[in-house]
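Engineer: Sequence:
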Amino acid sequence: MKNLLVTGGAGFIGSNFVHYLMKHTDVVVTVLDKLTYAGNRASLEGLPPERVELVVGDIADAATVAPLVERADAIVHYAAESHNDNSLHDPRPFLDTNVIGTYTLLEAARRYGTRFHHISTDEVYGDLELDDPQRFTEGTPYNPSSPYSSTKAASDLLVRAWVRSFGVRATISNCSNNYGPYQHVEKFIPRQITNVLDGVRPRLYGEGLNVRDWIHADDHSSAVWAILTRGEPGQTYLIGADGERNNRDVVELILTEMGQAADAYDHVVDRAGHDLRYAIDSSRLRTELGWTPEFEHFEQGLRKTIAWYRDNEAWWRPQKRATESRYAELGQ
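Taking this note's numbering, I'd label the letters of the sequence shown as residues 3 to 334.
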């Protein structure tokens with residue numbers, strides 16, 4: 003594969019993947035991104051222009067998508083509306099991007115015979131009880147609980163149908179919660195880090211007992227590349243790094259790493275429909291494709307992430323005021 007189309011490549015996880023490709027491969031990348039609030043040109047700055055082209059456009063626009071797919075060897079589909087809080091406020095953009103956008107890409111992949119990899123989330127499986135010994139596997143039934151996760155589940159099912167009905171050479175990956183550079187400050191970890199940098203006490207939903215299975219974006223990128231190059235079309239692979247932590251422990255670890263008292267945070271009212279626990283079993287990915295994470299310890303990756311936000315204020319500062327104003331309106 004020499005030419006990749008990466009949708010959503012100016013967003014958080016997508017831009018990290020593009021940086022990974024520049025460092026570890028010789029592929030040429032076309033990024034297709036609508037540049038909504040979550041997309042940022044600055045996330046692609048410094049990358050070689052002869053290898054990275056940014057096309058501003060909508061994945062739901064077939065006229066934009068078709069010529070880009072025609073010249074690509076593979077599509078890596080990151081583009082998505084992805085914030086649960088936003089989906090509760092206005093679900094419609096999640097339908098437009100996550101469902102219609104994925105359909106449009108699949109139709110182009112079918113037309114040109116293009117390899118397709120679809121990035122999804124563990125949230126399609128719903129949640130687990132805090133004391134449940136089980137973890138999500140490729141066979142776990144879908145049970146989404148928000149407009150965001152339900153539209154991602156719908157997009158996964160579209161991919162599966164296009165594989166079976168039309169022979170599209172597609173794979174799916176469902177990943178646990180990512181953290182790392184270039185993540186919008188509305189998200190949990192960068193919001194807490196940037197609040198501490200601003201001298202503001204972090205805010206924690208409810209009692210903070212909700213558990214997420216954290217993975218550094220670099221590890222997600224290496225897993226996607228492994229699936230794209232060695233995965234079997236028609237298969238789903240779960241991506242996780244055994245990073246289960248509850249939200250309270252994450253906030254306290256951030257505060258401790260940044261030289262603050264571990265209890266220097268405030269509780270706010272819990273989010274509606276807040277899933278209790280996610281946990282990924284990535285055995286298939288590890289055994290069949292030989293993938294292992296670089297950041298095997300959450301603390302190691304978190305320390306690197308804190309350093310990145312401390313050193314890159316110019317990247318996140320323009321987002322911060324609008325984000326905090328929106329949270330203030332919600333009492334959070």
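Hints are not guaranteed to be accurate.
Said to hold, decoys possible - In silico DSSO-like cross-links for lysine-lysine, where the CA-CA straight-line distance does not exceed 30 Å:
1. Lys4 / Lys25
2. Lys322 / Lys189
3. Lys306 / Lys322
4. Lys25 / Lys306
5. Lys306 / Lys189
6. Lys189 / Lys4
What the hints assert, rightly or not - Derived CB-CB ranges, DEER-like:
7. Glu301 / Glu55: 34 to 44 Å
8. Glu331 / Asn5: 25 to 35 Å
9. Glu140 / Arg43: 12 to 22 Å
10. Gly210 / Gly59: 13 to 23 Å
11. Lys4 / Thr294: 24 to 34 Å
12. Arg43 / Asp313: 36 to 46 Å
13. Arg323 / Asp268: 36 to 46 Å
Honestly, the hints are just simulated from the structure, not real lab data.
Note that CB positions come from ideal geometry on N, CA and C, so glycine has one too.
Engineer: Evaluate each hint against the coordinates.
Structural biologist: Tested hints:
no. : hint                        : in the structure
1   : Lys4 / Lys25                : holds (15 Å)
2   : Lys322 / Lys189             : holds (11 Å)
3   : Lys306 / Lys322             : holds (20 Å)
4   : Lys25 / Lys306              : holds (18 Å)
5   : Lys306 / Lys189             : holds (17 Å)
6   : Lys189 / Lys4               : violated (33 Å)
7   : Glu301 / Glu55: 34 to 44 Å  : holds (37 Å)
8   : Glu331 / Asn5: 25 to 35 Å   : violated (44 Å)
9   : Glu140 / Arg43: 12 to 22 Å  : violated (36 Å)
10  : Gly210 / Gly59: 13 to 23 Å  : violated (39 Å)
11  : Lys4 / Thr294: 24 to 34 Å   : holds (26 Å)
12  : Arg43 / Asp313: 36 to 46 Å  : violated (19 Å)
13  : Arg323 / Asp268: 36 to 46 Å : violated (19 Å)
This entry does not satisfy hints 6, 8, 9, 10, 12 and 13, going by the numbered hints stated previously.
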